[in-house]
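Participant: Below are the chains, spelled out letter by letter.
There are 2 protein chains.
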Amino acid sequence: MSHAVGFADIESAALRLEGVVFRTPVASSPEIDGLAGREVLMKCENLQHVGAFKFRGASNAVELLGKGAEKGICTHSSGNHAQAVALAAKRRGVPAYIVMPNTAPKIKVQGVVSHEAEITFCEPTLEARITTTEAVLERTGAAFIHPFDNPHVIAGQGTAAFELLQEVGKLDAVMAPIGGGGLLSGTSIATRKLAPNAMIFGAEPSGADDAARSLAAGELIPQTSPDTICDGLLTSLGELTWPILRDHLEGIITVSDDEVLRAMKLLYNHLGMVVEPSGATCLAAVLKPEFNEREGIDRIGIILSGGNVDPEGLPF
Amino acid sequence: MSHAVGFADIESAALRLEGVVFRTPVASSPEIDGLAGREVLMKCENLQHVGAFKFRGASNAVELLGKGAEKGICTHSSGNHAQAVALAAKRRGVPAYIVMPNTAPKIKVQGVVSHEAEITFCEPTLEARITTTEAVLERTGAAFIHPFDNPHVIAGQGTAAFELLQEVGKLDAVMAPIGGGGLLSGTSIATRKLAPNAMIFGAEPSGADDAARSLAAGELIPQTSPDTICDGLLTSLGELTWPILRDHLEGIITVSDDEVLRAMKLLYNHLGMVVEPSGATCLAAVLKPEFNEREGIDRIGIILSGGNVDPEGLPF
Numbered sequence: 036m037s038h039a040v041g042f043a044d045i046e047s048a049a050l051r052l053e054g055v056v057f058r059t060p061v062a063s064s065p066e067i068d069g070l071a072g073r074e075v076l077m078k079c080e081n082l083q084h085v086g087a088f089k090f091r092g093a094s095n096a097v098e099l100l101g102k103g104a105e106k107g108i109c110t111h112s113s114g115n116h117a118q119a120v121a122l123a124a125k126r127r128g129v130p131a132y133i134v135m136p137n138t139a140p141k142i143k144v145q146g147v148v149s150h151e152a153e154i155t156f157c158e159p160t161l162e163a164r165i166t167t168t169e170a171v172l173e174r175t176g177a178a179f180i181h182p183f184d185n186p187h188v189i190a191g192q193g194t195a196a197f198e199l200l201q202e203v204g205k206l207d208a209v210m211a212p213i214g215g216g217g218l219l220s221g222t223s224i225a226t227r228k229l230a231p232n233a234m235i236f237g238a239e240p241s242g243a244d245d246a247a248r249s250l251a252a253g254e255l256i257p258q259t260s261p262d263t264i265c266d267g268l269l270t271s272l273g274e275l276t277w278p279i280l281r282d283h284l285e286g287i288i289t290v291s292d293d294e295v296l297r298a299m300k301l302l303y304n305h306l307g308m309v310v311e312p313s314g315a316t317c318l319a320a321v322l323k324p325e326f327n328e329r330e331g332i333d334r335i336g337i338i339l340s341g342g343n344v345d346p347e348g349l350p351f
Numbered sequence: 036m037s038h039a040v041g042f043a044d045i046e047s048a049a050l051r052l053e054g055v056v057f058r059t060p061v062a063s064s065p066e067i068d069g070l071a072g073r074e075v076l077m078k079c080e081n082l083q084h085v086g087a088f089k090f091r092g093a094s095n096a097v098e099l100l101g102k103g104a105e106k107g108i109c110t111h112s113s114g115n116h117a118q119a120v121a122l123a124a125k126r127r128g129v130p131a132y133i134v135m136p137n138t139a140p141k142i143k144v145q146g147v148v149s150h151e152a153e154i155t156f157c158e159p160t161l162e163a164r165i166t167t168t169e170a171v172l173e174r175t176g177a178a179f180i181h182p183f184d185n186p187h188v189i190a191g192q193g194t195a196a197f198e199l200l201q202e203v204g205k206l207d208a209v210m211a212p213i214g215g216g217g218l219l220s221g222t223s224i225a226t227r228k229l230a231p232n233a234m235i236f237g238a239e240p241s242g243a244d245d246a247a248r249s250l251a252a253g254e255l256i257p258q259t260s261p262d263t264i265c266d267g268l269l270t271s272l273g274e275l276t277w278p279i280l281r282d283h284l285e286g287i288i289t290v291s292d293d294e295v296l297r298a299m300k301l302l303y304n305h306l307g308m309v310v311e312p313s314g315a316t317c318l319a320a321v322l323k324p325e326f327n328e329r330e331g332i333d334r335i336g337i338i339l340s341g342g343n344v345d346p347e348g349l350p351f
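So the protein sequences, as listed, match chains P and L.
With positions in the first sequence counted from 1, the corresponding number in the numbering used here is that position plus 35.
With positions in the second sequence counted from 1, the corresponding number in the numbering used here is that position plus 35.
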């Protein structure tokens with residue numbers, strides 16, 4: 036089996052991103068361990084620059100564009116990838132052109148604005164997103180960086196698990212959220228190399244469970260009408276991410292919005308951190324009774340993938 | 036000049052606390068650097084266990100009590116030291132008896148409860164605090180750990196700056212908040228040894244500015260009726276902390292509650308972290324025009340001392 040990204044790509048991304056991305060801490064809480072029935076080590080990408088792991092993939096991709104970045108960078112994103120591309124382009128000294136749905140959380144829009152990118156809003160549909168992006172690309176000549184179906188983006192996202200596994204020693208399992216699958220693809224490849232026996236799980240909102248259905252069916256099933264508070268996990272898997280996930284995952288744990296809200300509250304109360312709904316899915320999954328019953332997992336590493344929540348959207 | 040705590044005490048505390056306290060990350064933000072006009076490196080003790088640096092001092096003191104801890108530990112505190120002692124005692128396997136003012140933030144009371152300590156509430160006056168604590172000590176035979184005027188507590192608190200200075204290299208200045216002065220005393224001693232030329236500053240709410248007045252007068256002036264949202268910084272300096280601060284500080288920057296609220300919002304918006312009012316005083320101080328005008332400070336390290344805010348008290 037041959038995938039779009041190998042471990043060497045992640046290793047070289049980790050070197051390339053040294054001093055660019057923030058080496059986020061790994062947090063733990065005795066209370067959360069008690070509730071989960073096992074040790075839970077949380078990689079805090081909510082504390083990453085722009086408040087999400089997305090800055091890893093975007094920075095890696097912008098760096099690797101070389102001269103191809105000179106006319107600027109364009110992407111479409113509901114938020115965190117948008118902020119990430121905006122900041123990566125600014126660091127590189129080239130313009131960023133971002134297509135965002137008009138439903139994107141304010142805090143993410145403000146983040147993009149603060150990094151001086153040009154925003155074009157569109158209706159929150161796949162079609163509007165594509166046609167709007169095509170128009171922007173034609174007008175500007177910018178290079179497009181897909182939010183997840185891009186090997187350099189996937190390799191960059193894999194550096195979060197790379198750091199986690201380097202830092203904490205033996206893990207019996209690793210889990211990351213699934214939207215388009217970029218983070219979990221990178222996580223899978225890093226984990227399979229650095230912890231060959233660790234089980235790899237995805238966490239997915241039950242209101243956008245295309246990856247769980249794809250895994251069950253053995254073929255890529257697109258997401259049609261997602262319904263969840265996890266605004267970062269609404270998209271379908273991609274052509275590059277699907278085969279990686281299919282070949283690595285032990286399973287996908289789906290979580291309800293109520294379970295996500297409970298996980299957000301626990302993270303606030305016990306760790307003083309605001310984690311966005313998408314970012315709290317893994318903790319929600321780890322706290323489910325059916326996950327608790329799984330044997331052979333004494334220590335699990337999970338990724339808190341982002342922390343951008345509109346203050347008025349806080350569930351506490 | 037001889038002080039209650041020397042650098043060797045902090046060094047041995049750092050060894051003792053390895054694996055006990057969380058080695059918190061040092062965060063930075065290009066936006067905040069821009070506003071401050073210099074590089075600002077923030078030691079995130081808001082992410083420490085119990086959500087504040089206090090766990091360092093409490094753990095060091097409980098460890099060093101040896102057999103003296105067997106009948107339990109007692110303290111009085113409006114919140115973070117209470118939670119810290121409760122968790123340190125629980126880890127040690129001895130009971131904790133906490134005297135708290137009935138005005139303490141709910142989130143801090145809940146923290147103490149979750150660590151299974153016995154709470155005795157009292158009126159929010161110095162007198163009630165003392166008589167209630169004496170009664171608890173008599174009833175239980177527990178060992179008392181003062182929130183700041185205890186050499187083992189001061190040495191423990193100094194490990195935050197010890198880690199910061201180890202990690203970030205050269206700093207031109209270091210700043211910590213002042214309540215009773217335990218954190219800033221430990222910070223001063225660690226800094227004078229590890230960065231002999233760095234200026235040492237305190238940040239203090241203007242509504243509880245006893246330390247600034249003491250420094251100006253050259254003698255300890257007690258705090259009488261504090262009026263500030265910084266609920267962790269209401270107390271007077273102590274007999275051990277005052278001489279340490281007097282002999283080390285370059286100056287104290289006082290900040291208004293509005294300046295603190297602005298700093299809290301910036302930390303939420305740019306770093307996704309909820310920092311409590313007391314914990315945001317240093318950033319508020321660094322952003323003041325009069326501090327900005329000081330020369331010779333290209334890089335400053337500050338301590339975000341805690342993150343426990345009642346959700347309904349968030350200023351955003």
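A hint or two may mislead.
No copy is singled out in the list; a pair is fine if it fits within one copy or between any two copies.
[As the list claims (entries may be wrong)] For lysine-lysine, the following DSS-like pairs were computed, each having C-alpha atoms within a straight-line distance of at most 30 Å:
| hint | residue 1 | residue 2 |
| --- | --- | --- |
| 1 | 205 | 125 |
| 2 | 300 | 125 |
| 3 | 205 | 141 |
| 4 | 300 | 141 |
| 5 | 106 | 205 |
| 6 | 228 | 141 |
| 7 | 205 | 300 |
| 8 | 125 | 323 |
| 9 | 228 | 102 |
| 10 | 125 | 228 |
FYI, nobody ran anything at the bench for these hints, they're computed from the structure.
Participant: Looking back at the numbered hints, which does the structure fail to meet, lowest number first?
Facilitator: The structure conflicts with hints 3, 5, 6, 9, 10, although it agrees with all the remaining ones.
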